[in-house]
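Engineer: Sequence:
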Amino acid sequence: MPQQYPSRLLERSVQEFSKLPGIGRKTALRLVLHMLRQSTEDVEQFAEALTQMKHEVKFCKVCHNISDDDVCPICRDARRDSSTVCVVENIQDVMAIENTQQYHGLYHVLGGIISPMDGIGPADLEIESLVSRVAEDNVKEVILALNPTMEGDTTNFYIFRKLASSDVRISVIARGISVGNELEYTDEVTLGRSILNRTPFDGK
Numbered sequence: 001m002p003q004q005y006p007s008r009l010l011e012r013s014v015q016e017f018s019k020l021p022g023i024g025r026k027t028a029l030r031l032v033l034h035m036l037r038q039s040t041e042d043v044e045q046f047a048e049a050l051t052q053m054k055h056e057v058k059f060c061k062v063c064h065n066i067s068d069d070d071v072c073p074i075c076r077d078a079r080r081d082s083s084t085v086c087v088v089e090n091i092q093d094v095m096a097i098e099n100t101q102q103y104h105g106l107y108h109v110l111g112g113i114i115s116p117m118d119g120i121g122p123a124d125l126e127i128e129s130l131v132s133r134v135a136e137d138n139v140k141e142v143i144l145a146l147n148p149t150m151e152g153d154t155t156n157f158y159i160f161r162k163l164a165s166s167d168v169r170i171s172v173i174a175r176g177i178s179v180g181n182e183l184e185y186t187d188e189v190t191l192g193r194s195i196l197n198r199t200p201f202d203g204k
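Take the sequence shown: its position 200, counting from 1, is numbered 200 in the working numbering, and each next residue is one higher.
Since the hints were made in silico from the structure, they are not lab data. Quick caveat: nothing in here was measured; it's all calculated off a predicted structure.
Derived PhoX-like pairs: lysine-lysine, alpha-carbon spacing no greater than 25 Å straight-line: (1) Lys58 / Lys19; (2) Lys19 / Lys54; (3) Lys162 / Lys140; (4) Lys61 / Lys162; (5) Lys140 / Lys61.
Label-pair distances were calculated between CB atoms; the ranges are: (6) Gln101 / Val131: 24 to 32 Å; (7) Pro200 / Lys19: 39 to 47 Å; (8) Lys19 / His104: 33 to 41 Å; (9) Arg79 / Asp42: 37 to 45 Å; (10) Gln92 / Arg25: 23 to 31 Å; (11) Ile120 / Lys19: 15 to 23 Å; (12) Ser83 / Ser7: 52 to 60 Å; (13) Tyr5 / Ile120: 33 to 41 Å; (14) Gln102 / Ser18: 37 to 45 Å; (15) Ser165 / Ser83: 16 to 24 Å; (16) Ala123 / Tyr5: 42 to 50 Å; (17) Glu98 / Ala123: 25 to 33 Å.
Built from N, CA and C at the ideal position, the CB exists for glycine as well.
Please work from the sequences and hints to get the whole structure.
Structural biologist: As structure tokens, then:
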């Protein structure tokens, strides 16, 4: 039997919260009731933060990471090794690798991985911009740091083929990460060692 709500406004708020990943209707109701108990000022600040983020957040024109400016702080940092580019699937992976404090190069966020089952092909990802970046910038090494899944390996191989004619060294993170695991949920020590112990990628 569908749950009855004493207010249509409450029900609408629950419906919106339940659209978030991993949030069921019971959790959504608990969150909405919590917000209802907060001061009007706190709730308005919460809503304003989300609205401002949606309207003003940008994607770095160099690496496609989230940024407040056209170029993200990592790409602007002169202390970073600009000759090394770590290719990742998404922004969460950038954050996970940064938390290890073991990598000091730049990044390239693909925005996904090749997955024919989900209708995602190479043209849907930031692969061509990676190829252009390698050709135009002084990139000496590309580190493939995609999740160790069949889709991740397929994407690795595609990128390897696209960069085969260049002089760039291509490496892949060490398989200290279990097959099928996601980078963002891997502990920092294991992920950090996987970056440091990366191996040449031979396309096999």
